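Visitor: Here are the chains, one letter per residue:
There are 2 protein chains.
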Amino acid sequence: MNYKYLSNSPCEQAVKDFISALKSVGTTYKTEVTPTRQSNGLVAASAQYARRCSPHYCACAMDGIALKSSITSGASESSPVTIKAHDYVFVDTGDPLPQGCDCVVMIEDVVEHTRGAVRLYAAATPWSNVRQVGEDICMGDMIIPSFTVITPSIVGALLAAGVYELETVKKPTAAIIPTGDEIINEVSKPKPGEIPEFNSAIFSAMLDEWGVFSKIYPTVPDKPKLLLSAVSKAARECDAVIVIAGSSAGRDDYTSSVLEKIGKLVVHGVAIKPGKPVVLGHIGSVPFFGIPGYPVSGIIVMEEIVRHVMRLLTKRRAAPDFQVKSLLTRKITSSLKYKEFIRCGAASVDKKLVAVPMRRGAGIVSGFAKAGGIITVSQNSEGIGAGSEVMMKLLKNYDEIKNSVCVTGSHDPLIDEVSDILMRSDNPMGVVSSHVGSMGAVMALRNGEAHMGGIHLLDTETGEYNTSYAKRYFPDGGVALIRGVVRRQGLIVARGNPLDLNEIKDIARTDISYINRQKGSGTRILLDYLLDENGMNPCDVRGYEREEYTHTAVAAAISSGNADAGLGIFAASKIYSLDFIPLWNESYDFLVLSSALEDKRVKRFIKALQSENLRKRLDSLGGYLCEQPGEIVFL
Amino acid sequence: MNYKYLSNSPCEQAVKDFISALKSVGTTYKTEVTPTRQSNGLVAASAQYARRCSPHYCACAMDGIALKSSITSGASESSPVTIKAHDYVFVDTGDPLPQGCDCVVMIEDVVEHTRGAVRLYAAATPWSNVRQVGEDICMGDMIIPSFTVITPSIVGALLAAGVYELETVKKPTAAIIPTGDEIINEVSKPKPGEIPEFNSAIFSAMLDEWGVFSKIYPTVPDKPKLLLSAVSKAARECDAVIVIAGSSAGRDDYTSSVLEKIGKLVVHGVAIKPGKPVVLGHIGSVPFFGIPGYPVSGIIVMEEIVRHVMRLLTKRRAAPDFQVKSLLTRKITSSLKYKEFIRCGAASVDKKLVAVPMRRGAGIVSGFAKAGGIITVSQNSEGIGAGSEVMMKLLKNYDEIKNSVCVTGSHDPLIDEVSDILMRSDNPMGVVSSHVGSMGAVMALRNGEAHMGGIHLLDTETGEYNTSYAKRYFPDGGVALIRGVVRRQGLIVARGNPLDLNEIKDIARTDISYINRQKGSGTRILLDYLLDENGMNPCDVRGYEREEYTHTAVAAAISSGNADAGLGIFAASKIYSLDFIPLWNESYDFLVLSSALEDKRVKRFIKALQSENLRKRLDSLGGYLCEQPGEIVFL
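Taken in sequence, the protein lines are chains A and B. Just so you know, we're using the numbering used here here: the first sequence kicks off at 54 and counts up by one. Just so you know, we're using the numbering used here here: the second sequence kicks off at 54 and counts up by one.
Derived by calculation from the structure, the hints in this document are not laboratory data. There could be a bad hint or two in this list.
Intra- or inter-copy, both count: the list cannot distinguish identical chains.
Within a straight-line C-alpha distance of at most 20 Å, the following computed DMTMM-like cross-link-like pairs (lysine to aspartate or glutamate) qualify [to be verified]: (1) Lys423 - Glu598; (2) Lys423 - Glu517; (3) Lys121 - Asp672; (4) Lys76 - Asp305; (5) Lys223 - Glu435; (6) Lys423 - Glu356; (7) Lys558 - Glu165; (8) Lys449 - Asp374; (9) Lys224 - Asp261; (10) Lys449 - Glu290; (11) Lys446 - Asp374; (12) Lys384 - Glu161; (13) Lys276 - Asp145; (14) Lys390 - Glu435; (15) Lys449 - Glu262; (16) Lys69 - Asp479.
All figures in this text were calculated on a predicted structure; none of them were measured in a lab.
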């Protein structure tokens, strides 16, 4: 409980201070000699000058005849000039220009005549079709200055100029040391409390993209002595040391104290979120980074801090962030204490880029994998309002984002299956999806923030699905429904149904812990309807307030024993081999703006909905009825 | 002379036809299983689903105490709740949530009390600071669809979800077979007519960037039988075959006929320039490419054709071309027969991107290495006028282009040395230079197409350098001169001066072959002045009309015996160990728009001009006098 507070240095300042501290202790790059043929993508450590001319001799630039241009003087269509056999020489491209000749006439323009003579119908100019010595590169010319990143054409220019090897910046090697008593190696069935190590794989892949090798050391338990010896070894063997986790100031956080024993601590704590507990320092001239153990925090720290510092060792220039103006779909609140990084889904709707903020949890690495971009909220801002124009740093190829259909709303695995079908097509196309529930879909379409939205909205008055909601929220029309599937909703319960649940009334039992879906989701609306129909009250249901965002999350909670029952679709229960008590059949359809029906991405989505391929995939998921998927219902 | 004409298929059509021909013979990708940790940058061959939840247990998300939230009910600043020792458990981040607990209170909010009890000043909400099972990823959820390129965070998401290996698209291997009797291996002193092979290195580097391995085969001489056997072997061993050179229809061009013997020819000749003579076909289902031997033609064909076809084997989506609006500085003429690719220098001047067309020779690989972008002139266009707005595909990082100073005009090696000094500085900055002669510099500055221009313009009336030209062409002012160097101009002649040249008059001797500089260059103006001074006439000088663009090109021609004398600077003669007959001292300065003097890139260039480092470098080049380099002379 003797919690030690971290400093809260602004990120740019921390990086600047750290880099100057490193420079003052002599942290710098190493060089090595590399064969030019193997140098593509490397950084030249010095300026490179041509060692010979290219071409190194006067060369014929065409297949044809070489001759002295003066003897063709006056040749024209009407009065060709005849060149005798001993006055010209047949040459091929690349041949040295024969002695006494000063031009080449290309073979297409040479007309055969008698006794080996040829005729020309146009005069040749001196030095035409001849590559002069040094036409490409002259000996002594600088081909590239220092610290140029070698490209394929630079490889060619260097080789053409006789530079067969060159001094390059040696790729540095960073040590990666995972730590933590709970961290284990990869296993297929980890026990509760065991966390299979994977941060090292993420960081190693990032380093690779920045031109840095990595060496992953065995995981060190939370024992200061062991950490000290692992760090000392790594600092001797590598050009930089990265320690994962233990970088905060808690009971088992030893990174900063270990560093202080054998090196110098420069910064502890940076004003970013996620990613605050960072340790920056050095052991001799070897940079040292203590990175938080949550993967998202770690990725942000790698990107915002480690990447910049590594440039001291790689001599690569900053790769530009690709920032694009986008429309923020939801309000973001942020603390004045931190610069905050918010991952967003990115989609191109109505020729504008929309940024859909994603869940912020520091442990949600899948969010990074799905995110199309990142929005930064500066430290002196309390947040950004919905509908604001914000700069989003793209994490995906902009063309691919533009070529993706944006499907929001209630989530169903069929969206992922359609996405896979579209990616496997001849002209791959992406699906950007976000899970905001059925009512979220209605709102997103009203704001023009998505192409289509998955909905399963029950009109509790009429028992009708989707159409009445569409009419109510779009009283002036302008929307249509694309038929999806009919799917079975029911209670997901533990395997063998040990608590003997049989109908909706049973979830009010006091021995039952229920797990609910979030407000605005179609499943939540269905639950409320079923409770009402059965004269039940939400207060009667223990766990009514415990919300999950997907069917599989509900099933996962039940599967792990953290809840006893939840309303969800059959497919989710099947994945977890759970029991399922069917209660209801519902229509899961896609709401779409009529104007978007002409969008070729939407058309392709509809075509995939209609495909036999999807029908087969849904059959194997189970619990679906496909009537007329892809049929358009105008309202 | 039985020249066989090639077809002239439009490029896009040729690629389309070729791809459908390949599909019809079953050309496709292969797959293999890869450990997820090694999969960054590879392409997933199938959709990947989570094999377990992450986290797989209810985990504490903070260091603190775990307890049942209901017992904290009512706690507030004024009335804290005391929790007895047996009602809570100390937990660390990542610990499983203890049985019976449903929340974690973070350690900072826990206040020690007596006998192991603690006090809380705020009520805890159920499930706060707890990571629910599947918070990140739920078992069964699709993590990525097929053909997704794996990123570091996808590696993390896969590992978190227990996907330790996955099916990836196997990187294909392309065979590269160089051909030609004149082609030799790398040697330091090739003889005339020998061309050391380097195209294979360029193409191999390009393939590597597209995710394709390459295997370079020994060079095959122009013998159809040998080529046939090399191609057959390569088609058996690799996934694609690339034959370099011999792809046209000349005397020694066997590529297409060899292909027709063992495979199928699909396209011979594509309407692009450079790069027309292309052979496209297949041997069984193995794609076959015959690529022209000129490096620039080859690079264009690789980029415009091979890259697209390789995607059949790599399943990578088209990388977007980064196209930017730019201002064309010079007129481009183009043939209606071809789609033409023009390499350009790219610079950011006055917040606009300027495109400076470069020399077009198909052999000029150094041009590709220097080019900042490429402009495409479509087949149905005769060209583009100067000052037009054109889309330029960038070959360099846009940020780096924006961070470069643009220096045009007469070229002097000192510009390259300054460029190296700037690249070696703490904050590397590029110099984009183009060689258009002194008068070209004046014109470029008048059009706002460069920041500064190297000039050495002799006023033949007054003997004064540069100032009078600046005043004449900028009568309203607005320009300044930045002092460069005084440099020695003289006759460059063969080593030992075997022809005994001693003064300018000697270049009129009938046994002398002179080599001149291009019109508009300062050196050309000086020559004309010297001729005039000495009562000589250009007609008296054999070779007056033979133009080169740089001092080193003049020296190279003399060094190779292709010319006897040329006017140039001492440094050029020194590089080639030639004799030098000094004739004149001239001022080489930089003309700059007064408005650009405040530009930080120009300021940095000036600072480098003033540096001791540059002075040392010029000393070692020789022939320079540094008086006040970097001094600004206002006019």
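Visitor: Determine for every hint whether it applies to the structure shown.
Guide: Against the structure, the hints come out as follows:
no.	hint	in the structure
1	Lys423 - Glu598	neither (28 Å within a copy, 64 Å between copies)
2	Lys423 - Glu517	neither (34 Å within a copy, 67 Å between copies)
3	Lys121 - Asp672	neither (81 Å within a copy, 43 Å between copies)
4	Lys76 - Asp305	neither (31 Å within a copy, 59 Å between copies)
5	Lys223 - Glu435	neither (44 Å within a copy, 48 Å between copies)
6	Lys423 - Glu356	within (17 Å within a copy, 30 Å between copies)
7	Lys558 - Glu165	neither (102 Å within a copy, 45 Å between copies)
8	Lys449 - Asp374	both (11 Å within a copy, 14 Å between copies)
9	Lys224 - Asp261	both (10 Å within a copy, 18 Å between copies)
10	Lys449 - Glu290	neither (35 Å within a copy, 35 Å between copies)
11	Lys446 - Asp374	both (6 Å within a copy, 18 Å between copies)
12	Lys384 - Glu161	neither (70 Å within a copy, 29 Å between copies)
13	Lys276 - Asp145	between (75 Å within a copy, 15 Å between copies)
14	Lys390 - Glu435	within (9 Å within a copy, 60 Å between copies)
15	Lys449 - Glu262	both (15 Å within a copy, 18 Å between copies)
16	Lys69 - Asp479	between (48 Å within a copy, 13 Å between copies)
Violated hints, in rising order: 1, 2, 3, 4, 5, 7, 10, 12; the structure is consistent with all others.
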